[in-house]
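> Chain by chain, the residues:
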Amino acid sequence: MEIENPLPVDISRQELINLKQKAITIRKKIVKMLYLAGSGHTGGSLSIVEILVSLYFKVMKYDPRNPQWEERDRLILSKGHAAPALYAVLSEAGFFSEEDLWTLRKLGSHLQGHPDSKATPGVEISTGSLGQGLGIANGLALGLKLKKSSSRVYVILGDGEMQEGMVWEAAMASGHYRLDNLCAILDNNNLQIDGKVSDIMSIYPIEDKLRAFGWNVLTIDGHDFESILSALKIAEKTKGKPTFIVAKTVKGKGVSIFENKVKYHGVAPNEEEYRIAMEELKQQEEELRKYG
Amino acid sequence: MDRVATRDAYGEALVELGEKYSNIVVLDADLSGSTRTSKFARKFPERFFNMGVAEQNMMVTAAGFALAGFIPYVSTFAIFATGRAWEPIRQSIAYSNINVKIVASHAGITVGEDGGSHQSIEDIALMRVIPNMYVFVPADAVETKKIIKKIMEIDGPCYVRTGRSKVPVIFDNSYEFTPGKGKIVREGKDVAIIATGIEVYESLKAAEILEKKGISALVVNMSSIKPIDRELIEEVAERTGKIVTVEEHSIYGGLGSAVSEVIGETKPVPVKIIGIRDRFGISGKAEELVRYFKLDTESIAREVESFLSRIND
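These protein sequence lines are chains A and B, in that order. Quick note on the working numbering: the first sequence kicks off at 1 and runs consecutively. Quick note on the working numbering: the second sequence kicks off at 293 and runs consecutively.
Careful: at least some of the hints might be erroneous.
As the list claims (entries may be wrong) - Restricting the straight-line Cα-Cα distance to at most 25 Å, the calculated cross-link-like pairs of lysine to any residue (SDA-like) are: (1) A:Lys233 / A:His176; (2) A:Lys58 / A:Asp180; (3) B:Lys442 / B:Lys534; (4) A:Lys106 / B:Asn424; (5) A:Lys147 / B:Trp378; (6) A:Lys282 / A:Lys147; (7) A:Lys241 / B:Glu338; (8) A:Lys148 / B:Ile363; (9) A:Lys145 / B:Val421; (10) A:Lys196 / A:Asn260; (11) A:Lys241 / B:Asn424; (12) A:Lys118 / B:Pro337; (13) A:Lys147 / B:Gly361; (14) A:Lys118 / B:Val421; (15) A:Lys118 / B:Asp447.
Honestly, the hints are just simulated from the structure, not real lab data. Bear in mind the structure is a predicted one, so any value in this text is a computation, not a measurement.
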């Protein structure tokens, strides 16, 4: 899972601790949101926390007071069911208040079950029906190139989602148009609703397929900040082709009772699970404070 | 009378728009010669994107272009645009109310020889049912150009239906198109024929035949299917008491349904829906198929006559 030629990441020890703390904070918010909502996608929200934290608190340009700022970088959450993770990060970044998070999925909430760009500031486009985000990202990347904009486009895909035919239509187009302002990140936790991705409909070898489609492909540990940041840096420096980061992740990451359990794809924590999860995340926080 | 295919008018209008506005981009799925987007492609190659034979991905890519601030015009055959790519249009264009203009060619049975697989008789229904979507069906080349330019002013997704075959030009350049408005193109008092697309011309000719038989038929061009002109439908229902709708589309879900939905609520009068009666198209020459499916002048006149005699019995 190591990148062959990693680019050194310029990050201090304290900054790294801050990112790790941010990840725990986000996880606590995700778990609380889902518990209060009583439904939603726990596993796949928890598995993309480090990816989103890296993008929103270290890499991407944006202005929460002006969500439509022309020069911002764009993120498309193609795996829209991980909306709780995106909402927690957007709120943490200042797009809307923390209080709003506790209204998730409720009637009248501006936080819909799946991302809705008409309802939520910071959401670029509505997603939820799988397979469409990469093509949208292609259009954005092509449009930004045409405008000679230096903004970059990021798209997060699920591994079950890679079974959608549209993903491959889009992957072909990204390679064809040499979209080096585009970076796709695969949340490769190897679980989908009905079981293991490798059992249900194998997508492997995923790297070879994408290389054949004209992508620069990197495989990393999707929970290790230095690997993620190094890969994103390589993506930015790679010219003439788009970069695809296969992030090896753990579904339900950070809460032992949810980790690698297929059941928690689309199930929210009950009261007991909520208590256990918050306790574990609190312990992680204390350990981080003690040992860094 | 000049005969021009509405797809040809589209190709010309696109070039005119491209010259005027630098924020227009055009996407096609390997049918640019047939949809006539090739004219734009030759003139503005940097703003034309061929997406290959991948209509679903073309639609969501267009959504991405719109997010970057462009106005994308997206074209392929009507069945692939609205059928193959229906759910991507719903999710990635309409749900977020993204400013994408879908202009499909080869709608209806006048596709001709290619046969049923390529003849879209469902597209109006498929697009009309999606929230936020505008649906326009031009009657001739003049109206096509007016619509293609008008939709620039609408901030939201639009579907425009054009055809393959050459059809008579019935309007002159002074014709104005207004979204949400139909137009009475012939006055009458015994029956109102509300038609759309190429059936407007056939209905006008049918009204001439009916006149000789002592039946005075009012004809409406209902090019704006969504939003539909409720006021005008209610007005002609009140004035004539009988409505016939005519479309080159299934009798389910298209113009006939849209008109019935309006008058069923407010001005119930008998409605005869003329269209394709729950079946697929077949190969043949366009004009042969128009007669075969009873969408020609004489068939319309006959249908109107028998509809009126049934009601009057």
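> Holds or violated: A:Lys196 with A:Asn260, Cα cutoff 25 Å?
Given pair A:Lys196, A:Asn260 holds - Cα atoms ~10 Å apart, limit 25 Å.
> Hinted pair, alpha-carbon criterion (25 Å max): A:Lys148, B:Ile363. Please report holds or violated.
Roughly 17 Å between the alpha carbons, so the hint for A:Lys148 and B:Ile363 holds.
> Does A:Lys147 pair with B:Gly361 here, judged by a C-alpha cut-off of 25 Å?
holds (9 Å)
> Given the hinted pair A:Lys118 and B:Pro337, is their alpha-carbon gap at most 25 Å?
This hinted pair is violated, its Cα atoms lying about 33 Å apart.
> Hint check: A:Lys241 vs B:Asn424, CA-CA at most 25 Å. Holds or violated?
violated (36 Å)
> Given the hinted pair A:Lys233 and A:His176, is their alpha-carbon gap at most 25 Å?
holds (22 Å)
> Please work out if A:Lys118 and B:Asp447 have their alpha carbons no farther apart than 25 Å.
holds (14 Å)
> Given the hint that B:Lys442 pairs with B:Lys534, does the C-alpha gap stay at or below 25 Å?
Cα-Cα ~32 Å, so violated.
> Given the hint that A:Lys58 pairs with A:Asp180, does the C-alpha gap stay at or below 25 Å?
holds (20 Å)
> A:Lys145 and B:Val421 were given as a pair; does the straight-line alpha-carbon distance stay at or below 25 Å?
It is violated: about 35 Å lies between the C-alpha atoms, which goes past 25 Å.
> Just to be careful, I want the Cα atoms of A:Lys106 and B:Asn424 compared with a cutoff of 25 Å; is the pair within it?
Holds - the C-alpha atoms of B:Asn424 and A:Lys106 are around 23 Å apart, at most 25 Å.
> Is A:Lys241 close enough to B:Glu338, meaning Cα to Cα at most 25 Å?
holds (19 Å)
In this structure, the earlier hints numbered 3, 5, 6, 9, 11 and 12 are contradicted, and the remaining ones agree with it.
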